[in-house]
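J.: Here are the chains, one letter per residue:
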Amino acid sequence: MPQADQWLGAQRIAKWTGLGSCTVILVGMLVAYFILQPAALADSTVVSLSNSALPLVMAAAAETVVLIGGGIDLSVGVVMSLVSVIVATEMDSSVGSMLFWTVAAIGVGCAVGLLNGLLIEYAHVNAFIATLATMEVIQGLALGVLGSPGGQVPAGFETGTQGTSFHYIPNALLIILGVMVLYGIARRVRSFRWIYAVGSDRQAARTSGIRDRRVVIGSYVLCGAIAAVGGLTLSGLLSSGDPIEGGTFLLPGIAAAVIGGTSVFGGKGGIPGSVAGAFILTVLASVLFAASVTPFYEAFFTGLATVLIVGIGVTIDRYTSSRAARWS
Amino acid sequence: MDNGDVVGGVSTASEVGRQALFECRGISKRFGATVAVADVTMALYAGETRAILGENGAGKSTLIKILSGVLEPDKGSLIYRGSEVVWRTPLKARTAGVAVVHQELSLVSELTVAENVFLRREPRSSVRLLSVPQMNRMTADLLEQLGIAGIRPRMVVRQLSPSQRQVVEIAKAVKDSPSVLILDEPTSTLGEQLVAWLFDQVARWCQEGVAIAFISHRMGEIQKIADSVTVLRNGRKILDATRGTATEHELIAAMSGRELEVGFPRLSPPQEQQVLRVEDLTGQKWPRKVNLQVAAGEIVGIGGLDGQGQRELLHCLYGLARAKGAVTVGRTGPMHRWSPRRMRDLGVGFVPADRGREGLLQRNSIAFNTSLPWLGRFSMGSFLKQAELGSAIDYRLRQLSLSTDDYSQLVRVLSGGNQQKVVLAKWLLEPPELFILYDVTRGVDVGTKLQIYDLLARLAESGVGILFYTTDINELVNLSHRVYVMADGEISADLRAPDITEENVLRAAFASSTATTVDAPAAGRALKPEEL
Numbered sequence: 123m124p125q126a127d128q129w130l131g132a133q134r135i136a137k138w139t140g141l142g143s144c145t146v147i148l149v150g151m152l153v154a155y156f157i158l159q160p161a162a163l164a165d166s167t168v169v170s171l172s173n174s175a176l177p178l179v180m181a182a183a184a185e186t187v188v189l190i191g192g193g194i195d196l197s198v199g200v201v202m203s204l205v206s207v208i209v210a211t212e213m214d215s216s217v218g219s220m221l222f223w224t225v226a227a228i229g230v231g232c233a234v235g236l237l238n239g240l241l242i243e244y245a246h247v248n249a250f251i252a253t254l255a256t257m258e259v260i261q262g263l264a265l266g267v268l269g270s271p272g273g274q275v276p277a278g279f280e281t282g283t284q285g286t287s288f289h290y291i292p293n294a295l296l297i298i299l300g301v302m303v304l305y306g307i308a309r310r311v312r313s314f315r316w317i318y319a320v321g322s323d324r325q326a327a328r329t330s331g332i333r334d335r336r337v338v339i340g341s342y343v344l345c346g347a348i349a350a351v352g353g354l355t356l357s358g359l360l361s362s363g364d365p366i367e368g369g370t371f372l373l374p375g376i377a378a379a380v381i382g383g384t385s386v387f388g389g390k391g392g393i394p395g396s397v398a399g400a401f402i403l404t405v406l407a408s409v410l411f412a413a414s415v416t417p418f419y420e421a422f423f424t425g426l427a428t429v430l431i432v433g434i435g436v437t438i439d440r441y442t443s444s445r446a447a448r449w450s
Numbered sequence: 064m065d066n067g068d069v070v071g072g073v074s075t076a077s078e079v080g081r082q083a084l085f086e087c088r089g090i091s092k093r094f095g096a097t098v099a100v101a102d103v104t105m106a107l108y109a110g111e112t113r114a115i116l117g118e119n120g121a122g123k124s125t126l127i128k129i130l131s132g133v134l135e136p137d138k139g140s141l142i143y144r145g146s147e148v149v150w151r152t153p154l155k156a157r158t159a160g161v162a163v164v165h166q167e168l169s170l171v172s173e174l175t176v177a178e179n180v181f182l183r184r185e186p187r188s189s190v191r192l193l194s195v196p197q198m199n200r201m202t203a204d205l206l207e208q209l210g211i212a213g214i215r216p217r218m219v220v221r222q223l224s225p226s227q228r229q230v231v232e233i234a235k236a237v238k239d240s241p242s243v244l245i246l247d248e249p250t251s252t253l254g255e256q257l258v259a260w261l262f263d264q265v266a267r268w269c270q271e272g273v274a275i276a277f278i279s280h281r282m283g284e285i286q287k288i289a290d291s292v293t294v295l296r297n298g299r300k301i302l303d304a305t306r307g308t309a310t311e312h313e314l315i316a317a318m319s320g321r322e323l324e325v326g327f328p329r330l331s332p333p334q335e336q337q338v339l340r341v342e343d344l345t346g347q348k349w350p351r352k353v354n355l356q357v358a359a360g361e362i363v364g365i366g367g368l369d370g371q372g373q374r375e376l377l378h379c380l381y382g383l384a385r386a387k388g389a390v391t392v393g394r395t396g397p398m399h400r401w402s403p404r405r406m407r408d409l410g411v412g413f414v415p416a417d418r419g420r421e422g423l424l425q426r427n428s429i430a431f432n433t434s435l436p437w438l439g440r441f442s443m444g445s446f447l448k449q450a451e452l453g454s455a456i457d458y459r460l461r462q463l464s465l466s467t468d469d470y471s472q473l474v475r476v477l478s479g480g481n482q483q484k485v486v487l488a489k490w491l492l493e494p495p496e497l498f499i500l501y502d503v504t505r506g507v508d509v510g511t512k513l514q515i516y517d518l519l520a521r522l523a524e525s526g527v528g529i530l531f532y533t534t535d536i537n538e539l540v541n542l543s544h545r546v547y548v549m550a551d552g553e554i555s556a557d558l559r560a561p562d563i564t565e566e567n568v569l570r571a572a573f574a575s576s577t578a579t580t581v582d583a584p585a586a587g588r589a590l591k592p593e594e595l
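Protein chains in written order, with this note's numbering: chain A, 123 to 450; chain B, 64 to 595.
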């Protein structure tokens, strides 16, 4: 059955384009970076790269979940801000307090996600509008808790994110690896797959007996939870709380997810791609800095790179799937 | 469809005292002011096939949704294995053993075949995690057991052809050996050979004691496999007959509520002048070196097994897919490059395969959809001549006797048959010189089918050339001046008037031995023409 084999081959390529092309680009950029800045070949660079990628990775991972489910969440960034200011104002260095506020922070993220999900599914507010509204509300709350950057997080939190383990492996990198491992497990959980099904074809999922509304709401809750963890890492990295900083990760987070091959139309993508996408954006910033590009142009090049990478990905995808599909 | 003989042989169904496996009593359902199903009682018996007949909008789909737990009835009860049940969700019905082969709704295109087959009922290991290899293996076994080759568990559904999707849909439904199986127009996307495969399977399931409900618009199929028939019209049960007690005429009359002449319109002879000439048309995979002509007033049918390049041929011809070769439309010279826009300007109308996605904007009104190709024709500068356009639309749609007079209604609330009429109207606002149609009567009820046949015959009489593909062989044979049969992207026969018979078409369709690798069942028993 040669035709069938061709299809599978093309499919396999298509499946890995997002992650594959990201990895290639990432390695290329790292090489460029170290050529431009040989001095950067030091432990400290790996640490600083991982540290600056971490919150973006979390934002992108959170966004990926709702994108797969066919939605979008604009409140990811401000949830990170809210969590960071709560942690910076409320948490003290006792283990009990750290544990309690960590759980509470994740609870806050889940609650925001639940609110988003309910607004979208039961009040029938368009996802973009609903999460735009919650974004404003949460931003207001975050500023209410802490009007300007400040506060203090426990020392354990700082080292937990900024430090290294086993001598030279940055903790930030370990956290990112942890996220990937959790994703690997989630891929094999039924209800996580249903997010893909619902995002890809809601009617079909419903007809198959999936409770689609619950799945969508669940995707927002999961997104909120991941965003909250992102907020925890953010406050650890900043050693303090910031009511604004989190919001700056929203759009780069979406960009990272899309660079990594997640479809804004739902049903397609994954967290490893988003992690790679986040690293690409982070390393790109470093490369631009190393090439002494004026910071004013940084956004310009970031945008350019996003369009380029996504364009390449889409083209490869079109080519491979046209091989398989157009003539079927 | 040419006789009025009594259908089939011995009466087997609904003997007194036999207990039904699955039954609905006095089912009613309304949506707002519309009564979709009214007081329907129907019984399914183990080991029997019941056909459910009705025109589009007769309430079949609603009834099926109620039987399978997608909708809850307003009134009435369901009785399964002797006791009353309330499903509430499709999953409950499914786990109890009532499975549905949905028309086009239940496959997720981004997931693989295996993931779809197991969707919502995924196997889990002891630690409650999925095993993908296990899922793939089980799916492979299932497909093999059903005698399906060419579909692999790891293929993504997006890349399957409509008939392959239908096969996957069937596999999904029968996965856990249900005791009641409801097939909602399963044959509308299947080619002749797969229809035969499905009927073999239906016979096997019947023997195993499955109660089957079967929905189809094709009389021939119903005659072949149904033990009993229920006819619905406007949501009510009109007729309940066992095999051998109703004639085809009676069934059609019951469906349509009027006596219908079951027949094809007389065709007037075509003219001399050519409207289309295609030379060596070759696409990426299909078609391969296709040559064909259509004369003014000529109706040319394209036949063959489903998925042998007919869709690609028509798409290439209209400029929707890239192709090499030369195309002459009317008095243009041979063109080597053309686009849908150019084709339209040359007076070529095209009705695509998937009216839902390609042919109509579901969320816009009937009038808006109809006007879309003609906004240029009905404007002065950049401004539309609203009144003129409005009356032209009105005139066309009235001719097609749509179910509604309110042309500001959204297209998506229309039934399938009426949507198809809107697609046709869209291209008839200014009658084309050449009309390309892809399976226009698929999923359309008998009454509308006959209207469409008449319309095509009248168009041809007025000098329009018509090139159409159909999966209904009856239609192909009776509605064409000439028939091209396609196999593996090539034209394997060019049949003219006395030679256009089902037998010749099938012979040409099976001529190419490589033609059936993707779609055909593995066991691939050879079909004899007289079986169809």
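Hints are not guaranteed to be accurate.
Said to hold, decoys possible - With a cut-off of at most 25 Å between alpha-carbon atoms, the simulated SDA-like pairs for lysine to any residue come out as follows: (1) B:387 with A:287; (2) B:238 with B:210; (3) B:155 with A:440; (4) B:387 with A:440; (5) B:155 with A:221; (6) B:155 with A:310; (7) B:155 with A:312.
Said to hold, decoys possible - Here are a few chain A residues that face chain B, going by a calculated C-beta distance under 7 Å: (8) 306; (9) 310; (10) 312; (11) 322; (12) 326; (13) 330; (14) 331; (15) 335; (16) 420; (17) 424; (18) 425.
Hint data in this document are derived by calculation from the structure and do not stem from the laboratory. Quantities reported herein were computed from a predicted structural model and do not represent experimental measurements. Note that beta-carbon positions come from the ideal geometry of N, C-alpha and C, so glycine has one too.
J.: So, as I understand it, the hint says residue 420 of chain A touches chain B; can you test that by seeing if any CB pair is closer than 7 Å?
T.: It is violated, given that the least Cβ distance between residue 420 of chain A and chain B is near 35 Å, above 7 Å.
J.: Between residue 155 of chain B and residue 312 of chain A, does the CA-CA distance stay at or below 25 Å?
T.: At roughly 18 Å apart (the allowed maximum being 25 Å), residue 312 of chain A and residue 155 of chain B satisfy the hint.
J.: CA of residue 238 of chain B to CA of residue 210 of chain B, is that 25 Å or under?
T.: holds, 14 Å
J.: Can residue 312 of chain A be said to touch chain B, with a Cβ gap under 7 Å?
T.: Cβ of residue 312 of chain A sits 5 Å from chain B, so the hint holds.
J.: Using 7 Å as the Cβ threshold, decide whether residue 424 of chain A counts as touching chain B.
T.: Nearest chain B Cβ about 29 Å off; hint violated.
J.: Hint validation: residue 330 of chain A versus chain B, beta carbon distance must be below 7 Å. Holds or violated?
T.: Check passed: Cβ of residue 330 of chain A comes within 4 Å of chain B, closer than 7 Å.
J.: Restraint: residue 310 of chain A near chain B, CB-CB cut 7 Å. Satisfied or not?
T.: holds, 4 Å
J.: For the pair supplied as a hint, residue 155 of chain B and residue 221 of chain A, is the alpha-carbon distance within the 25 Å limit?
T.: The given pair, whose Cα atoms are some 41 Å apart, is violated under the 25 Å limit.
J.: Would the hint linking residue 155 of chain B and residue 440 of chain A be met if the CA-CA limit is 25 Å?
T.: violated, 40 Å
J.: Report holds or violated for the interface hint on residue 306 of chain A, using the least CB-CB distance to chain B and a cut-off of 7 Å.
T.: violated, 10 Å
J.: Taking the closest Cβ pair, is residue 326 of chain A under 7 Å from chain B?
T.: Constraint on residue 326 of chain A satisfied, holds at 5 Å.
J.: Does the structure keep residue 387 of chain B and residue 440 of chain A at a Cα separation of 25 Å or less?
T.: Roughly 21 Å between the alpha carbons, so the hint for residue 387 of chain B and residue 440 of chain A holds.
Of the numbered hints stated above, those contradicted by the structure are hints 1, 3, 5, 8, 15, 16, 17, 18, listed in ascending order.
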